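A.B. asks: Heads up: the protein sequence lines correspond to chains A and B, in order. Reminder that position 116 of the first sequence reads as 116 in the numbering used here, one-by-one numbering, no gaps. Reminder that position 161 of the second sequence reads as 161 in the numbering used here, one-by-one numbering, no gaps.
Think of the hints as simulated: they come from the structure by calculation, not from any bench. Bear in mind the structure is a predicted one, so any value in this text is a computation, not a measurement. Watch out, some of these pointers could steer you wrong.
Where chains are identical, the list cannot tell them apart; a pair therefore holds if satisfied intra-copy or between any two copies.
Unchecked claim - Pairs of lysine-lysine, BS3-like flavour, derived with a Cα cap of 30 Å: (1) Lys129 / Lys145; (2) Lys39 / Lys107; (3) Lys39 / Lys103; (4) Lys103 / Lys166; (5) Lys107 / Lys129; (6) Lys166 / Lys145; (7) Lys73 / Lys107; (8) Lys73 / Lys39; (9) Lys73 / Lys103; (10) Lys145 / Lys107; (11) Lys103 / Lys117; (12) Lys164 / Lys129; (13) Lys164 / Lys107; (14) Lys117 / Lys73; (15) Lys166 / Lys107; (16) Lys164 / Lys103; (17) Lys107 / Lys128; (18) Lys107 / Lys117; (19) Lys128 / Lys73; (20) Lys39 / Lys129; (21) Lys166 / Lys73.
Protein chains: 2
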Amino acid sequence: MKRIVFAMIAVSALVCAVWAQAPTSQPGGEAAVAIVQGKLPPGYRDWRLISVAREEGSLDDIRAVLGNDIAIKAYRDGTRPFPDGAIIARLAWAYLSSEENNKTFGKPQSFVAGNPKNGIQFMVKDSKKYASTGGWGYWQFNDGKPLTDQVMLQSCFTCHQAVKEKDRDFVFTHYAP
Amino acid sequence: MKRIVFAMIAVSALVCAVWAQAPTSQPGGEAAVAIVQGKLPPGYRDWRLISVAREEGSLDDIRAVLGNDIAIKAYRDGTRPFPDGAIIARLAWAYLSSEENNKTFGKPQSFVAGNPKNGIQFMVKDSKKYASTGGWGYWQFNDGKPLTDQVMLQSCFTCHQAVKEKDRDFVFTHYAP
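Working from the sequences, and respecting the hints, build out all of it.
C.D. replies: What follows is the structure in structure tokens.
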């Protein structure tokens, strides 16, 4: 009996220890934990710039791709596949013709970022946890709320398979020097 | 004679003290010092994102505007005029149609950042030093080398006067949330 009680205590202690460590030991740290919990990760707007882009068509936005420290380091060092804990964020805004800028340039040529648009997307690298989707977990937040439509989220991976080569690791965006 | 020698020593000491302090006491710190010395400020590529934009016409680029900590804080707090030491950087890249992305989307709609283009520009806020140009000094670096054409640099201020209202403080770019 004593042995059983001791074993139960030991197992409980182990479970508690693992649980207590989970938030910090997870690849991607606090940011990854927040994302998984359906919250925008604190400080993501402070992440460094990877690159910028413009999507025409139904998306019709101008966008910035930011990376946490692990992602930025991997980009700059050329490390592929990206190490666990790398997180890439895609922000986007309405593509606005700037009357103010055009007046200054004397020509209609200037487009700027308007209101946020098309949500904020995250790719979180965790080669074990997300092994079935190339080692990346995909999320989208609309107005701060997580998209829960699994079919939509699965479509992220479907598209990103276009760049599944080892030197790309499912990531479209190249680093802008 | 003794008095003159003493006065000369005192003046020399003062000059040396001022000179020795200059690099750190200048608003904008090391970054501003580097820019004034004709060097790209170390770490500017790590600055946080203010916004993104696209210029058509002869510029034909896609761009990102980054800010040092003082500039970002002022943007987020709505502080105008910007405090001394604020530095705003404008990076730009060739506007490239992305065949890879278009293939994935099934439509020609995606444009990404190519090679750096149109130089890197900086606005440095120092209300005393640059009083004659609205409190901002303007610089451009092409391939890492400072533009020295004063007529060209003066044209920066000429254009930025279009937003000289107190709540804009000569800055075109709005913060993208």
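A.B. asks: Could you run down the list of hints and mark each one as holding or not?
C.D. replies: Evaluated hints:
Taking the shortest alpha-carbon separations for Lys129 and Lys145, only the intra-copy value of 22 Å comes in at or below 30 Å, while the best inter-copy value is 47 Å. Taking the shortest Cα distances, Lys39 and Lys107 never come within 30 Å of each other, neither inside one copy (42 Å) nor across copies (32 Å). Proximity of Lys39 to Lys103 under the C-alpha cut-off of 30 Å is found in neither arrangement, the shortest distances being 41 Å within a copy and 32 Å between copies. In the homo-oligomer, the alpha carbons of Lys103 and Lys166 lie at most 30 Å apart only across protomers (19 Å), although the nearest pairing inside one protomer, at 47 Å, exceeds that limit.
For a Cα distance limit of 30 Å, the shortest separation of Lys107 from Lys129 qualifies neither inside one copy, at 51 Å, nor across copies, at 33 Å. Proximity of Lys166 to Lys145 under the C-alpha cut-off of 30 Å is found in neither arrangement, the shortest distances being 32 Å within a copy and 36 Å between copies. Within a single copy, Lys73 and Lys107 get their C-alpha atoms no closer than 40 Å, and across copies no closer than 32 Å, so neither meets the 30 Å cut-off. In this homomeric assembly, Lys73 and Lys39 come within 30 Å of each other (Cα to Cα) both inside a single copy, at 25 Å, and across copies, at 24 Å.
Taking the shortest Cα distances, Lys73 and Lys103 sit within 30 Å of each other only across copies (29 Å), while inside one copy they are farther apart (40 Å). For a Cα distance limit of 30 Å, the shortest separation of Lys145 from Lys107 across copies, 29 Å, qualifies, whereas the shortest one inside one copy, 39 Å, does not. Both within a single protomer and between protomers do Lys103 and Lys117 lie at most 30 Å apart by alpha-carbon distance, with minima of 26 Å and 23 Å respectively. For the homomeric pair Lys164 and Lys129, the shortest alpha-carbon distance inside one copy (18 Å) is at most 30 Å, but the shortest distance between copies (53 Å) is not.
Within a single copy, Lys164 and Lys107 get their C-alpha atoms only as close as 42 Å, which misses the 30 Å cut-off; across copies the closest is 20 Å, which meets it. For the identical chains of this complex, Lys117 and Lys73 are neighbours both inside a copy (28 Å) and across copies (24 Å), given an alpha-carbon limit of 30 Å. With identical chains, the CA atoms of Lys166 and Lys107 are at most 30 Å apart between copies only, with a shortest distance of 25 Å across copies and 44 Å within one. When the C-alpha separation of Lys164 and Lys103 is checked against a cutoff of 30 Å, the pair qualifies only between copies, where the shortest distance is 14 Å, while the shortest distance within a copy is 45 Å.
For the homomeric pair Lys107 and Lys128, neither the shortest alpha-carbon distance inside one copy (52 Å) nor that between copies (34 Å) is at most 30 Å. Taking the shortest alpha-carbon separations for Lys107 and Lys117, both the intra-copy value of 26 Å and the inter-copy value of 20 Å come in at or below 30 Å. For a Cα distance limit of 30 Å, the shortest separation of Lys128 from Lys73 inside one copy, 21 Å, qualifies, whereas the shortest one across copies, 38 Å, does not. Within a single copy, Lys39 and Lys129 get their C-alpha atoms as close as 19 Å, which meets the 30 Å cut-off; across copies the closest is 45 Å, which misses it.
In the homo-oligomer, the alpha carbons of Lys166 and Lys73 lie at most 30 Å apart inside one protomer (18 Å), although the nearest pairing across protomers, at 40 Å, exceeds that limit.
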